[in-house]
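Visitor: Based on the provided sequences and hints, a complete structural model is requested.
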Amino acid sequence: MNNPQLDKNGRLKHLLSIEGLPKDILTQILDTAESFAGVSEREVKKVPLLRGRTVCNLFFENSTRTRTTFEIAAKRLSADVVSLHIGTSSQSKGETMLDTVNNLVAMHADIFVVRHAQSGAAHFIARHVAPHVHVINAGDGRHSHPTQGLLDVFTIRRYKPDMHNLRVAIVGDILHSRVARSEIHALTTLGVPEVRVIAPKTLLPEYVERLGVHVYHDMRQGLKDVDVVMMLRLQNERMNGALLPSAQEYFKCYGLTPDKLALARPDAIVMHPGPMNRGIEIDSAVADGTQSVILPQVTYGIAVRMAVMSMLAGSGE
Amino acid sequence: MKIHIRNPRLIDPRNGIDTQCDLFIAAGRVVGIGNPPVAFHANQTIDADGLIACPGLVDISARLREPGFEYKATLESELKAAVAGGVTSLACPPDTDPVLDEPGLVEMLKYRAKQLNLAHVYPLGALTRRLEGKQLTEMNQLMEAGCVGFSQANAPLTDTQVLRHALQYAATFGLTVWLRPEDAWLARGGVAHDGEVAARLGLPGIPSSAETIALATILTLVEDTGARVHLCRLSTRDGVEMVRQAKARRLPVSCDVAAHQLHLTEHDIGYFETHCHLKPPLRTQRDKEALRTGVADGTVDAVCSDHTPVDDDAKLVPFAESEAGATGLEFLLSLTLKWAQESGIALPAALARVTSEPARLLQIDAGHLSVGAVADICLFDPEHYWKVDPQALLSQGKNTPFLGLELPGKVRWTLVAGQIAHRA
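Each protein sequence line maps, in turn, to chains A and B.
Note that our numbering has the first sequence beginning at 1, numbered continuously upward.
Note that our numbering has the second sequence beginning at 1, numbered continuously upward.
The hints are simulated quantities; they were obtained by calculation from the structure and are not laboratory data.
Nothing false has been slipped in among the hints.
Derived coverage of chain A by chain B (criterion: at least 3 residues anywhere in the stretch with Cβ under 8 Å from a Cβ of chain B; other residues may be distant):
{"#": "1", "segment": "135-148"}
{"#": "2", "segment": "198-212"}
Some chain A residues near chain B, calculated using beta-carbon distances under 8 Å:
{"#": "3", "residue": "P4"}
{"#": "4", "residue": "E19"}
{"#": "5", "residue": "T96"}
{"#": "6", "residue": "M97"}
{"#": "7", "residue": "L98"}
{"#": "8", "residue": "H116"}
{"#": "9", "residue": "Q118"}
{"#": "10", "residue": "S119"}
{"#": "11", "residue": "G120"}
{"#": "12", "residue": "A121"}
{"#": "13", "residue": "H123"}
{"#": "14", "residue": "F124"}
{"#": "15", "residue": "R178"}
{"#": "16", "residue": "R181"}
From the derived model, a few chain A residues whose C-beta atoms are all more than 10 Å from chain B:
{"#": "17", "residue": "S40"}
{"#": "18", "residue": "D162"}
{"#": "19", "residue": "F251"}
The C-beta atom is built at its ideal place from N, Cα and C for all residues, glycine as well.
Guide: Rendered as structure tokens:
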């Protein structure tokens with residue numbers, strides 16, 4: 001099976017999922033992001049790499065944060081940016097997704113940033129767009145959110161440069177989480193020797209261990225001696241029902257509190273993809289504490305997205 | 001019209017015949033095997049050197065999409081596809097629009113099919129009105145209109161009291177109830193097997209227990225009511241085992257699998273291939289092997305196409321939003337031959353699963369070639385491999401997971417009631 005993300009020369013053509021990306025491409029993205037991290041700290045925060053290109057943010061599902069960081073990243077690369085929230089326009093008029101996309105291709109968009117509620121939506125668009133168009137998956141259903149996975153490993157690499165000597169725990173709703181899947185693939189591809197997932201059985205997919213992770217149901221055991229704690233957001237609709245009895249019990253068993261964090265290594269860092277539910281998956285004392293790198297994650301997110309867009313634009317020539 | 005089929009390898013599984021001999025057809029029936037009847041003068045001679053002649057295939061599940069879904073397929077397009085696939089008799093499920101829950105609709109469908117003069121069509125009536133799982137249909141009248149069994153198609157029947165009553169009522173008239181075992185709650189929202197691939201791709205899963213729990217319910221009610229039940233589209237290893245045990249207990253049950261299930265697994269979904277969005281979902285290699293064993297040892301009575309033509313637009317969407325199903329009529333023979341080759345099954349035994357056995361399940365006079373039998377015949381070249389090209393398919397549904405593959409067995413001639421319905 002051809003890898004739909006790479007062109008015939010093995011260069012990045014689309015970014016659809018971390019799974020299937022070779023380690024050297026992952027590393028290349030992170031290294032490129034490293035060089036862009038400096039741009040954001042300059043007074044003039046722009047480079048002309050994408051001048052004359054059009055980046056189209058296609059959000060079939062709402063997300064303020066991801067859309068904004070993609071917009072900022074594209075603008076810092078001097079691209080023209082169009083952001084469409086499709087939920088409120090053509091789809092509600094009955095236009096198919098493919099028609100929407102083809103209309104935008106006809107308007108000469110170069111890069112599509114796609115967010116969609118269905119797993120596989122970005123793969124689907126990538127398969128059917130004109131060959132010169134690049135697709136970046138900004139989150140598809142439960143499947144993948146590759147730029148989030150990348151910015152997470154970028155953040156880890158900044159604080160813990162020796163990836164080959166790390167214990168990482170991902171805590172929360174793994175079953176429904178595209179972020180968790182992306183993090184797992186990114187970490188295992190980069191050679192992190194021990195990735196743990198911590199969740200109740202109702203929030204874990206079948207055969208999750210085949211993704212190369214160790215499964216824990218007891219958070220205290222799972223956090224023992226880890227270097228990185230990656231918390232996941234618990235969606236409101238999952239809090240009361242057949243998957244979980246209540247947000248309160250969830251916090252009791254799987255919320256990250258200072259005393260649970262104390263079981264991790266003393267220099268462990270705490271991450272969260274946002275937006276946080278304080279008091280449900282994470283205690284404010286931890287979220288705002290000295291071990292939290294949650295805000296730096298957001299900052300690095302821009303550099304990582306700049307890196308991805310610049311690499312895609314480069315592969316088109 | 002009198003036809004002389006010269007020198008085919010005749011395989012008639014029901015009569016245990018596998019021999020090189022001529023066939024003679026007159027007035028729509030087989031009138032001679034080996035030797036012609038006296039004073040037989042053929043109007044046409046078919047040179048069948050190198051071809052196999054077997055009874056026309058009997059497909060126990062093919063959606064024809066009429067009435068109501070003509071944009072997906074029409075009776076004419078699908079019956080042409082049937083004969084192109086060597087299928088001369090087929091049963092169609094009741095999930096049309098309107099649903100086949102009234103005798104008038106069934107009569108109309110049978111009449112329209114007869115006018116086309118292609119494959120014979122045997123409708124399955126709806127078990128409950130509008131397939132809603134609440135009120136029984138007029139099964140007795142539907143039977144008189146031509147229904148050969150009663151089914152919920154893919155619609156759930158969650159109310160076990162209604163199910164029990166439906167089985168009791170059907171048993172009153174000796175009717176067979178066709179049920180696809182799937183627990184509606186466990187299958188809710190699912191689009192793929194709840195396994196490794198669904199975990200990786202983030203697709204909502206349907207666990208194997210959705211099948212086994214439903215089977216346990218159905219088998220218990222069969223024991224309770226004595227109704228005859230045909231279990232449709234088994235997909236799991238444990239499901240096959242449950243049916244094996246039920247048959248050992250002499251429960252009046254039979255079952256089938258879809259031909260594509262003998263060849264595909266969850267891994268064929270690859271990168272969200274919507275043509276592999278099927279109902280029931282493709283499961284694991286272990287399940288596939290168990291289905292193959294089940295067909296070989298007779299636990300699984302029949303192999304069907306589960307023909308479901310879907311329009312292109314319904315597959316050109318993200319996986320979970322796509323419509324489930326694969327076109328199948330033109331694949332049934334080839335997929336059965338491929339399974340037989342790969343599993344080392346003798347041709348007569350393999351062909352029985354798509355001819356005599358399904359005919360027995362439908363209780364129709366078809367699927368055999370004795371003297372006097374209706375001359376529904378499939379003549380195919382077992383050595384010819386054909387490459388799957390959607391545009392070359394006669395079915396209006398081009399939705400196949402076998403795109404680009406080379407499959408064994410090319411149908412050269414199809415005769416329906418002694419008339420040439422297809423030649424290639």
